[in-house]
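Visitor: The primary structure of each chain is shown beneath.
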Amino acid sequence: MVTLYRPGDSPWHRLRPGPKMALLLLIVLGVCLLPVTWWAAGVMTGVCLVCYAVPDVGMRELGRQLFTARWILGVTLAGQLIFLGPESAAANTVRVAVACALAALLALTTPATELLETIERAMAPLAWLRIDPRRAALTLSVTLSTLPVLATLARDVREAQRARGGGRSLRHFAMPFLVMALKHADELGDALAARGVR
Amino acid sequence: MVLNAVQVNTVKEKQLRDDQAPRRWALDATDLARVAVFAALVAALGLPGAFSVFGGVPITAQTFGVMLAGAILGPRLGALSMTALLALVAAGLPLLAGGRGGISVFVGPSAGYLIGWIAGAFVIGLIVHSSARKPAVWRTALAMLVGGILVVYAFGIPVQSLVTRLPLAETALTSLVFIPGDLVKAALATLTVGTLLRAYPRAFRRTWLPSGRQEADAPTSPAP
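Those protein sequence lines, which keep their order, are chains Y and X. First residue of the first sequence: 1, per my numbering; consecutive thereafter. First residue of the second sequence: 1, per my numbering; consecutive thereafter.
Be aware that a few hints might be false.
[What the hints assert, rightly or not] The following label-pair restraints were derived from C-beta to C-beta distances: (1) R16/Y / A187/X: 47 to 53 Å; (2) L66/Y / L176/X: 23 to 29 Å; (3) D190/Y / I179/X: 39 to 45 Å; (4) V179/Y / I179/X: 26 to 32 Å; (5) G85/Y / P180/X: 25 to 31 Å; (6) G74/Y / A132/X: 44 to 50 Å; (7) L29/Y / A169/X: 24 to 30 Å; (8) V179/Y / S131/X: 22 to 28 Å; (9) A132/X / E87/Y: 55 to 61 Å; (10) P148/Y / I179/X: 43 to 49 Å; (11) L162/X / P55/Y: 32 to 38 Å.
Please keep in mind that the hints were generated in silico from the structure rather than gathered at the bench. Where is the CB? At the ideal position from N, CA and C, for every residue including glycine.
Here chain Y stands alone, though its shape is the one from the complex (with noise of 0.2 Å):
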């Protein structure tokens, strides 16, 4: 499975997962609250290009994260100014970039398992709600090992739909690819029966 992270060694890369969370959290609440002008739109930008402009980071990195939010970005913006003008247009489009932007460096710099252990402690809490954490735990790193099946699982399905001919459709996908998928979820579920776990 592919991560997001890319390894490092940036002032981001040394903090620790939770301060480095805070922190993050912390700037994008606070270019939220940045009123909406042209000079605010300039200041998020510069927070943004200074955060990036780490060894390791860098900008293209940031080319990279603004290219998979293009979507988003442009439905945005277009909304934007249909209804309220170029200014607001900028600055809110310049904002949603700046906080999407600013939160990915928390998955660039933290490898996902470092993440998952801080979240597991975080959920610490959630005993209360009679949640078992080492369930939910548990249940997190099953998912993460069955990703790459079912992506397997889908690819051979939609394999199989083109040796025959048909396109792209989600409805011949649909059917093979969930009775596999569920297939793989009773075999799972005795794998995991097998090992202990009630």
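Let chain Y serve as the given structure and place chain X on it in line with the hints.
Guide: Then chain X, alone, in the frame of chain Y:
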């Protein structure tokens, strides 16, 4: 994974409490596997190689997976599997359509829609599993429309409006663009659930009362 002191303590406390607490909310191994598989299924539906439902416009099939998760797993497990998926997304896995992931999606305009997946799967499960009898087509369709579209938008539009600072009414208006696609997915999900009820009833891991008319001779297979 390394357990730290806090975790070990909570685990011990939890074990103590487990012995007294009713096990109503506990998952068995198969439930856990099904939750994991549906979380992964929704992720797989967002993989590159998007489906084109109507002429070339690439749409994400992920909400289709959300609808199926609610209808097949039922309210509690359906909501749980969406929560598991979003937890992994928050941990930085690029599992959403277009390879998006990380905390950033939860501060972006689509955050509300993602939270809406959890509520939507819950509501769909509630409606589909509301009776002891097999859901009729109209009940499944209602579940998809209410849970899969209405509930998801009820969470999504206010948050989008808050994040982009576009007033609520205008945001709702721009979201109308996605309604046709969602209707197609709801119809498709209804069809799929109907087919699954006939062809692979054990998918639902429950028994339904015979619905009187057509099911008199076909006993539903019990869970494994």
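Visitor: Hint by hint, say whether it matches the structure.
Guide: Status of each hint after checking the structure:
no. : hint                        : verdict
1   : R16/Y / A187/X: 47 to 53 Å  : holds, 48 Å
2   : L66/Y / L176/X: 23 to 29 Å  : holds, 26 Å
3   : D190/Y / I179/X: 39 to 45 Å : holds, 41 Å
4   : V179/Y / I179/X: 26 to 32 Å : holds, 30 Å
5   : G85/Y / P180/X: 25 to 31 Å  : holds, 28 Å
6   : G74/Y / A132/X: 44 to 50 Å  : holds, 47 Å
7   : L29/Y / A169/X: 24 to 30 Å  : holds, 26 Å
8   : V179/Y / S131/X: 22 to 28 Å : holds, 24 Å
9   : A132/X / E87/Y: 55 to 61 Å  : holds, 58 Å
10  : P148/Y / I179/X: 43 to 49 Å : violated, 34 Å
11  : L162/X / P55/Y: 32 to 38 Å  : holds, 35 Å
Checked against the numbered hints given earlier, the structure breaks only hint 10 and satisfies all the rest.
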